[in-house]
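Participant: The listed protein sequences correspond, in order, to chains A and B.
Quick note: the first sequence uses this note's numbering, first residue 1, plus one each step.
Quick note: the second sequence uses this note's numbering, first residue 1001, plus one each step.
Simulated from the structure, these hints should not be mistaken for laboratory data.
Glycine is no exception: its CB is placed at the ideal position from the N, C-alpha and C atoms.
Incorrect hints may appear among the rest.
Claimed, not checked - As a list, the in silico DSBU-like pairs of lysine-lysine whose alpha-carbon atoms are at most 35 Å apart:
#, chain 1, residue 1, chain 2, residue 2
1, B, LYS1098, A, LYS69
2, A, LYS171, B, LYS1012
3, A, LYS37, B, LYS1012
4, B, LYS1123, A, LYS171
5, B, LYS1012, A, LYS36
6, A, LYS171, B, LYS1022
7, A, LYS37, B, LYS1022
8, A, LYS37, B, LYS1200
9, A, LYS36, B, LYS1123
Unchecked claim - Restraint-style ranges between C-beta atoms, simulated for each label pair:
#, chain 1, residue 1, chain 2, residue 2, range
10, B, PRO1125, A, ARG129, 28 to 34 Å
11, B, PHE1119, A, LYS36, 38 to 44 Å
12, A, GLY156, B, PHE1160, 38 to 44 Å
13, B, THR1197, A, ALA191, 33 to 39 Å
14, B, GLY1161, A, MET4, 39 to 45 Å
15, A, ARG129, B, PHE1160, 28 to 34 Å
16, B, GLY1068, A, LEU72, 41 to 47 Å
17, B, TYR1195, A, GLY156, 40 to 46 Å
What the hints assert, rightly or not - Derived, one-sided and incomplete: chain A residues facing chain B with beta-carbon distance under 8 Å:
#, residue
18, ALA23
19, LEU26
20, LEU32
21, LEU67
22, TYR70
23, LEU72
24, ASN77
25, ILE81
26, PHE125
27, TYR131
28, GLU168
29, PRO174
30, LEU177
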Amino acid sequence: MDSMIQIMLIFISAAVVNNFVLAYFLGICPFLGVSKKTDTALNMGFATTFVMVLTAAISWLINNLILLKYNLPFLQNVTYIITIASLVQLVELFVRKSSPSLYRSLGIFLPLIVTNCAILGLALFSALREYTFVQSLFFGLGAGVGFTLALVIMAGIREELEFADVPESLKGAPITLLVAGMLALAFMGFAGLISA
Amino acid sequence: MAKKTLTYEFVKGIWRENAVIKMLLGMCPALAVTNSASNGLAMGLASTFVVAASGLMVSLIRRIVPGGVRIPTYIIIIATFVTLAELFLKAYLPDISKSLGPYIPLIIVNCMIMGRAEFFASKHPVTPAVVDALGTGIGFTWVLVVLGAIREVLGSGSIFGFAFLGEKIFTPWVVMVLPAGAFLSLGLMIGVINYFTLRKRRAA
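Please construct the entire structure, taking both the sequences and the accompanying hints into account.
Facilitator: Here you go:
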């Protein structure tokens, strides 16, 4: 029962309180790049969530069954990045064969996910905090949901911004960063939700 | 002639093609670790080391690596140098290493470093590759230090850990050291730079 509550806390914390994008600054590149339209943002979010949960599972197995067992934690960085890169390739092959329609909507985003720092960050954070297997699964799911949430909200705001009269020197990246700052302020309101 | 080109390669990364303010690369570390000037400096120097060392390696092996596997090769080279930097910081600067935490290993996925390896080091001989990487790294470092200094002065009333504004005359804007402050100050910084660039272009 106690662990059930703990798992819920990890999930909510990763999704809103310590949102990966707005509190840890992970995945800023897709956040700024792919957040122009709501439906692409949603697809990107789903693809990332999917890869995040898989990464959480596999990096946990590698870390606990191989690296820690044989006292090799200094290989963590290299192993994780290779794992993520090959995982994304496998997922891409699998999706292309099994579900062409899903592939069409996710296809172009999958290779981009390799360089998404949120994925590597997820693996590193869950190793650092010594989560159990189930805990890191939910940590991955929460992080993915939080990423999707931030991306979709941002895309919604940017669609409206198209019609706004933005000063010329703030057009593009600066206004996006300012909007992200206000979003981060709003998300700070969730901080009271969980008292550590 | 050759010397002039080298100077050009060095200088372009500092301002004209600056990774953060002009190309919008390496945003994650630029936002995440700039809550104080010294954190920004440490992250900047670590990234400069990684980009220069991996530029050297990538340029050395550029004729040996087949095109199809070049990206994984670059990633492994970068990850190796990042691990070196991480172990070095852990051993000699444990405080900095603790405050930067997992953002040190995250240098691996800093797209600025991959960008230099893919677009420059893999196509040029060793000297220009290293010079270009050093310029990019220094350009990255100064933006991080300036951003860190702005946030530290406004958010904690100190600079490089030295408190020069007393509690009595200045109430720190706590929000500046929080995540929201990072987005706001980088957004305004790029906005101000754009404003002056546009004005100069119009005057010309």
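Participant: Hinted pair, alpha-carbon criterion (35 Å max): LYS1012 of chain B, LYS36 of chain A. Please report holds or violated.
Facilitator: Between LYS1012 of chain B and LYS36 of chain A the Cα gap is close to 30 Å, so the pair holds against 35 Å.
Participant: Does the closest beta carbon of chain B sit nearer than 8 Å to the beta carbon of LEU26 of chain A?
Facilitator: 6 Å, holds
Participant: Hint validation: PRO174 of chain A versus chain B, beta carbon distance must be below 8 Å. Holds or violated?
Facilitator: At 4 Å from the nearest chain B Cβ, PRO174 of chain A passes the 8 Å test, so the hint holds.
Participant: Is the hint on ALA23 of chain A kept, meaning its closest Cβ partner in chain B is under 8 Å away?
Facilitator: 5 Å, holds
Participant: Classify the hint on TYR131 of chain A as holds or violated, based on whether any CB of chain B lies nearer than 8 Å to its CB.
Facilitator: Violated - the Cβ of TYR131 of chain A stays beyond 8 Å from chain B, reaching only about 14 Å at its closest.
Participant: Next item in the hint list is LEU177 of chain A. Is there a CB on chain B closer than 8 Å to its CB?
Facilitator: Hint on LEU177 of chain A: holds, closest Cβ of chain B at ~3 Å, below 8 Å.
Participant: Please work out if LYS1098 of chain B and LYS69 of chain A have their alpha carbons no farther apart than 35 Å.
Facilitator: 24 Å, holds
Participant: Can you confirm whether the C-alpha distance between LYS36 of chain A and LYS1123 of chain B stays at or below 35 Å?
Facilitator: 33 Å, holds
Participant: Holds or violated: GLU168 of chain A as interface residue toward chain B, Cβ cutoff 8 Å?
Facilitator: Constraint on GLU168 of chain A satisfied, holds at 6 Å.
Participant: Taking the CB of GLY156 of chain A and the CB of PHE1160 of chain B, does the distance hold inside 38 to 44 Å?
Facilitator: With a Cβ separation near 40 Å, GLY156 of chain A and PHE1160 of chain B satisfy 38 to 44 Å, so the hint holds.
Participant: Per the hint of 28 to 34 Å, is the separation of the Cβ atoms of PRO1125 of chain B and ARG129 of chain A within bounds?
Facilitator: 45 Å, violated
Participant: Compare the distance between the alpha carbons of LYS171 of chain A and LYS1022 of chain B with 35 Å, and conclude whether the hinted pair is satisfied.
Facilitator: 13 Å, holds
Going through the hint list in order, the structure does not satisfy hints 10, 11, 16, 17, 21, 22, 23, 27.
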